[in-house]
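Chemist: Our numbering puts the last residue of the sequence shown at 271; the count rises by one with no breaks.
Worth double-checking, as some hints may not be accurate.
Claimed, not checked - Cβ-Cβ distance ranges computed for the label pairs, FRET-style:
1. E171 to L235: 40 to 46 Å
2. Q196 to D267: 22 to 28 Å
3. K203 to N253: 20 to 26 Å
4. L235 to L153: 21 to 27 Å
5. D226 to E171: 30 to 36 Å
6. L235 to K157: 25 to 31 Å
Said to hold, decoys possible - The calculated DSS-like cross-link candidates involving lysine-lysine, where the alpha carbons are at most 25 Å apart (straight line), are:
7. K190 to K239
8. K197 to K256
9. K190 to K203
10. K245 to K132
11. K197 to K263
12. K197 to K245
13. K142 to K190
14. K190 to K157
15. K203 to K142
16. K142 to K245
17. K263 to K239
18. K263 to K203
19. K245 to K256
20. K157 to K256
21. K197 to K132
22. K256 to K239
23. K132 to K239
24. K239 to K203
25. K239 to K197
26. K203 to K256
27. K263 to K142
28. K239 to K142
29. K132 to K190
30. K157 to K245
31. K197 to K142
32. K142 to K256
33. K203 to K245
34. K157 to K197
35. K157 to K142
36. K157 to K263
37. K263 to K245
38. K142 to K132
39. K157 to K132
In short, the hints are calculated from the structure, not lab data. Just so you know, these numbers come straight off a predicted model, no measurement behind them. Built from N, CA and C at the ideal position, the CB exists for glycine as well.
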Amino acid sequence: MRDPLTISYYPEIKRKSQKSSQKVVQEKYLHFDNLNFKLAIIQVLMYDLEILKPAFDIYNFAEEFSELDIDTESTELIEPALDYFKNLQIPQKYANQVKEIDMDGGNEIFMNLIPQWDGEDDIFDLNEVSLAELKQFPNLKQASIMTSNFDKINEIFVKADIDAELF
105 MRDPLTISYY
115 PEIKRKSQKS
125 SQKVVQEKYL
135 HFDNLNFKLA
145 IIQVLMYDLE
155 ILKPAFDIYN
165 FAEEFSELDI
175 DTESTELIEP
185 ALDYFKNLQI
195 PQKYANQVKE
205 IDMDGGNEIF
215 MNLIPQWDGE
225 DDIFDLNEVS
235 LAELKQFPNL
245 KQASIMTSNF
255 DKINEIFVKA
265 DIDAELF
């Protein structure tokens, strides 16, 4: 015998169907009709409770998107930053974490939108909010809000059983 004899065996591998074994879980997101209310919720989740991550920072954002030429010393609203928050999806699973809203001119959310904002105008006032928006937050019981229309807004908060006060 000059040539070695080689025997090979390749057993058949039965695979489970990929489609049947994978379950696709689609995450549900909160719905907002009013941007300033969404900004107030982002303040709570991203900056106060630190559960919505990563935390947005205007200086990092400006560096990352240097082609946008973002002025981080601006006294004007930075539109690309506002667009970021408009498009930000907030998972419904975080809604139960919101127990209190404390709108203040020094909130980090506002400083990331207008870095040199003095709080003297009403750009971030919560003058519109729907009952449906509020009802997404079952544990929300208190709110200190900035608004130029407190009586109207307070009526909606009362219907949602939330104690609101004017900042």
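Chemist: Against each hint, give a clear statement of whether it holds in the structure.
Modeler: Going through the hints against the structure:
1. E171 to L235: 40 to 46 Å: Holds, at about 42 Å.
2. Q196 to D267: 22 to 28 Å: 24 Å Cβ-Cβ, so the 22 to 28 Å window holds.
3. K203 to N253: 20 to 26 Å: holds, 24 Å
4. L235 to L153: 21 to 27 Å: holds, 24 Å
5. D226 to E171: 30 to 36 Å: Because 32 Å falls inside the window, the suggested range holds.
6. L235 to K157: 25 to 31 Å: holds, 29 Å
7. K190 to K239: holds, 20 Å
8. K197 to K256: Roughly 29 Å between the alpha carbons, so the hint for K197 and K256 is violated.
9. K190 to K203: At roughly 22 Å apart (the allowed maximum being 25 Å), K203 and K190 satisfy the hint.
10. K245 to K132: With Cα atoms ~23 Å apart, K245 and K132 stay inside 25 Å; holds.
11. K197 to K263: Roughly 23 Å between the alpha carbons, so the hint for K197 and K263 holds.
12. K197 to K245: holds, 18 Å
13. K142 to K190: holds, 8 Å
14. K190 to K157: Judged against 25 Å, a Cα distance of about 16 Å means the pair holds.
15. K203 to K142: holds, 15 Å
16. K142 to K245: holds, 17 Å
17. K263 to K239: holds, 10 Å
18. K263 to K203: Answer holds: K263 to K203 is near 16 Å, not above 25 Å.
19. K245 to K256: holds, 18 Å
20. K157 to K256: violated, 33 Å
21. K197 to K132: holds, 8 Å
22. K256 to K239: holds, 17 Å
23. K132 to K239: holds, 15 Å
24. K239 to K203: Since the Cα atoms of K239 and K203 sit roughly 12 Å apart, the hinted pair holds (cutoff 25 Å).
25. K239 to K197: Within the cut-off at roughly 14 Å; holds.
26. K203 to K256: holds, 22 Å
27. K263 to K142: holds, 19 Å
28. K239 to K142: Between K239 and K142 the Cα gap is close to 13 Å, so the pair holds against 25 Å.
29. K132 to K190: Status holds; Cα separation ~17 Å.
30. K157 to K245: Holds: K157 and K245 sit about 24 Å apart, inside 25 Å.
31. K197 to K142: holds, 15 Å
32. K142 to K256: holds, 18 Å
33. K203 to K245: Roughly 6 Å between the alpha carbons, so the hint for K203 and K245 holds.
34. K157 to K197: holds, 14 Å
35. K157 to K142: Holds - the C-alpha atoms of K142 and K157 are around 16 Å apart, at most 25 Å.
36. K157 to K263: violated, 31 Å
37. K263 to K245: Holds, at roughly 12 Å.
38. K142 to K132: holds, 16 Å
39. K157 to K132: holds, 17 Å
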